[in-house]
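Sequences and hints are given; from them, build the entire structure.
Those protein sequences? They're chains H and W, same order as listed.
Residue numbers for the first sequence follow my numbering, beginning at 61 and rising by one.
Residue numbers for the second sequence follow my numbering, beginning at 41 and rising by one.
There may be inaccurate statements among the hints.
A few chain W residues facing chain H, derived, Cβ under 10 Å [claimed, not checked]: (1) A75; (2) G108; (3) H290; (4) Y293.
The following residues of chain W were derived to be distant from chain H, with all beta-carbon distances above 10 Å [as the list claims (entries may be wrong)]: (5) D93; (6) R124; (7) G210; (8) N239; (9) P297; (10) Q336; (11) G352.
Hints listed in this document are in silico derivations from the structure and should not be mistaken for laboratory results.
Built from N, CA and C at the ideal position, the CB exists for glycine as well.
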Amino acid sequence: MSDDLDDIILAELSDEELTLQMHDDLYDGLKDEIEESVHILLGRGWMPYDVLTKALVEGMRIVGIDFRDGILFVPEVLLAAGAMKGGMIILKPLLAETGAPRMGKMVIGTVKGDIHDIGKNLVTMMMEGAGFEVKDLGINNPVENYLEALESEEFDILGMSALLTTTMPYMKVVIDTMVEKGMRDDYTVIVGGAPLNEEFARAIGADAYCRDAAVAVETAKEFMAKKHNQMTA
Amino acid sequence: MSETIANIIARQGWILADGATGTNLFNMGLEAGEAPEIWNEQHPDRIAKLYRDSVEAGSDLFLTNSFGGNYSRLKLHNAQGRVRTLNRIAAEIGREVADRADHKVVVAGSMGPTGEIMVPVGSLTHADAVEMFHEQAEGLKEGGADVLWIETLSAKEEFQAAAEGIALAGMPYCGTMSFDTAGRTMMGLTSVDMVKMVNGLASQPQAFGANCGVGASDLLRTLMGFVDQAPQLPVIAKGNAGIPKYVDGHIHYDGTPELMGVYAAMARDMGAIIIGGCCGTMPDHLGSMRAALENQPRGSRPSLAEIEAKIGPFSSASDGTGDDPAPTRRAGRRRRG
Chain H
61 MSDDLDDIIL
71 AELSDEELTL
81 QMHDDLYDGL
91 KDEIEESVHI
101 LLGRGWMPYD
111 VLTKALVEGM
121 RIVGIDFRDG
131 ILFVPEVLLA
141 AGAMKGGMII
151 LKPLLAETGA
161 PRMGKMVIGT
171 VKGDIHDIGK
181 NLVTMMMEGA
191 GFEVKDLGIN
201 NPVENYLEAL
211 ESEEFDILGM
221 SALLTTTMPY
231 MKVVIDTMVE
241 KGMRDDYTVI
251 VGGAPLNEEF
261 ARAIGADAYC
271 RDAAVAVETA
281 KEFMAKKHNQ
291 MTA
Chain W
41 MSETIANIIA
51 RQGWILADGA
61 TGTNLFNMGL
71 EAGEAPEIWN
81 EQHPDRIAKL
91 YRDSVEAGSD
101 LFLTNSFGGN
111 YSRLKLHNAQ
121 GRVRTLNRIA
131 AEIGREVADR
141 ADHKVVVAGS
151 MGPTGEIMVP
161 VGSLTHADAV
171 EMFHEQAEGL
181 KEGGADVLWI
191 ETLSAKEEFQ
201 AAAEGIALAG
211 MPYCGTMSFD
221 TAGRTMMGLT
231 SVDMVKMVNG
241 LASQPQAFGA
251 NCGVGASDLL
261 RTLMGFVDQA
271 PQLPVIAKGN
281 AGIPKYVDGH
291 IHYDGTPELM
301 GVYAAMARDM
311 GAIIIGGCCG
321 TMPDHLGSMR
331 AALENQPRGS
341 RPSLAEIEAK
351 IGPFSSASDG
361 TGDDPAPTRR
371 AGRRRRG
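Take a look at the structure:
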């Protein structure tokens with residue numbers, strides 16, 4: 061723990077206080093503290109899924125709100141996501157063992173020609189922070205990469221990102237190819253990146269434009285809820 | 041021959057810069073995902089036309105086709121070994137166009153971001169970033185650029201590294217950042233923060249300002265943030281021609297030439313000295329901007345309400361400057377000592 065912070069003995073906090081403290085520590089991007097707290101909660105017999113949802117996901121939700129509202133910016137969110145990731149590394153094997161419920165699966169990548177992966181990384185982190193499984197294809201993806209990934213496993217969502225006016229039209233190439241192959245309707249396609257907007261997303265045939273990572277998470281959750289409703293209907 | 045920014049300002053009082061590069065190249069057949077810089081070698085005629093169109097529309101200064109010409113960006117196209125060459129050619133073509141123009145024109149060597157995040161949040165070190173910008177600067181210098189032009193940056197650290205790299209090449213420069221996130225840069229910098237950052241640079245630019253971002257309205261608001269700090273250096277305004285829309289397989293910006301003319305005059309009345317467009321700004325827009333700057337008498341400084349009425353709404357309620365109570369971070373229970 062850094063010297064410039066008031067000493068808080070995490071192990072002495074009640075469950076409720078510790079959960080709130082974890083929200084604060086995620087907000088402040090304190091990875092060591094998050095890892096310590098995850099271990100403490102697990103040691104107290106918490107289910108891994110509860111640690112994930114009540115402490116980490118809820119904490120990242122708050123970070124997402126302040127990011128959306130222009131209070132936190134990319135550097136702070138990257139630090140928060142890094143702290144979250146520290147906790148996730150501990151939880152991931154345990155979640156698999158305990159058969160925690162599945163939120164949804166997403167393939168994501170920046171389109172061909174675009175190496176600007178900051179936004180895409182934020183979305184990946186926030187989606188993971190919200191409990192989604194994410195396959196990250198990285199940068200500069202031709203249409204084949206997306207198709208290959210989508211066909212390799214069962215996915216719900218395709219996310220594409222572009223930061224340049226020179227690369228954003230490529231999103232339509234990917235969507236058009238999906239339509240040709242008759243697989244477009246099997247997925248929710250969400251797109252994002254600084255030069256995009258809702259109208260552009262509609263024009264190229266995407267399901268939604270997500271202004272930032274927080275909106276991407278909200279949108280993904282909505283689509284998953286709709287999908288579940290359709291399946292049970 | 042070579043012209044300087046100071047000369048044009050002394051003569052004319054303002055400088056009309058250029059418009060879009062990407063939007064224009066798309067219209068010439070650039071495919072989504074292609075590196076525009078490769079065209080410097082493959083299609084020098086098209087790049088010359090890009091520059092010439094801007095000069096003929098009345099620009100006093102244009103940027104070279106080298107925005108993504110740094111090591112990190114070119115690596116994506118396996119062209120990281122040709123940084124120097126591609127930048128040199130970008131500037132050489134520019135030099136030729138400028139030298140044949142019927143009026144004095146400044147060739148500004150464009151240098152965009154690396155696309156990487158710098159330490160401590162990211163992995164790009166200061167030393168590596170400085171070297172990337174230095175390498176690009178040497179190429180542009182070799183090709184005969186009059187001045188170098190950092191643009192669309194979002195991180196303070198990267199701007200500082202670019203300034204340092206350019207100083208190593210011994211070139212004068214200008215620099216603009218992109219304020220596209222609730223009136224701030226993606227990394228959270230406000231217009232006021234940028235003025236402070238620029239004031240603290242060891243190697244001072246010839247001018248500084250904003251480019252790209254969301255739309256012309258936001259850009260004028262950012263400009264207001266700059267001039268309120270009474271900066272010593274000339275201020276640059278290079279806004280997008282509206283908002284991108286997808287029409288018939290192409291990106292089209294919805295700002296009309298008339299609107300960009302109004303924007304140019306407002307930017308001047310706000311106190312900008314170097315005025316241009318960015319994405320979506322075509323030769324027609326530049327012509328209209330030139331006409332507005334030449335023919336419209338100077339007016340009083342526009343208010344936010346006037347900007348909104350004439351250009352369009354802002355993308356966010358506040359831009360983190362001014363008297364508005366800026367939203368603040370939540371207070372954690374750990375207190376900073």
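Inset, instruction - Please flag the earlier hints that this structure goes against, numbers listed from lowest up. - result: Of the numbered hints, all hold.
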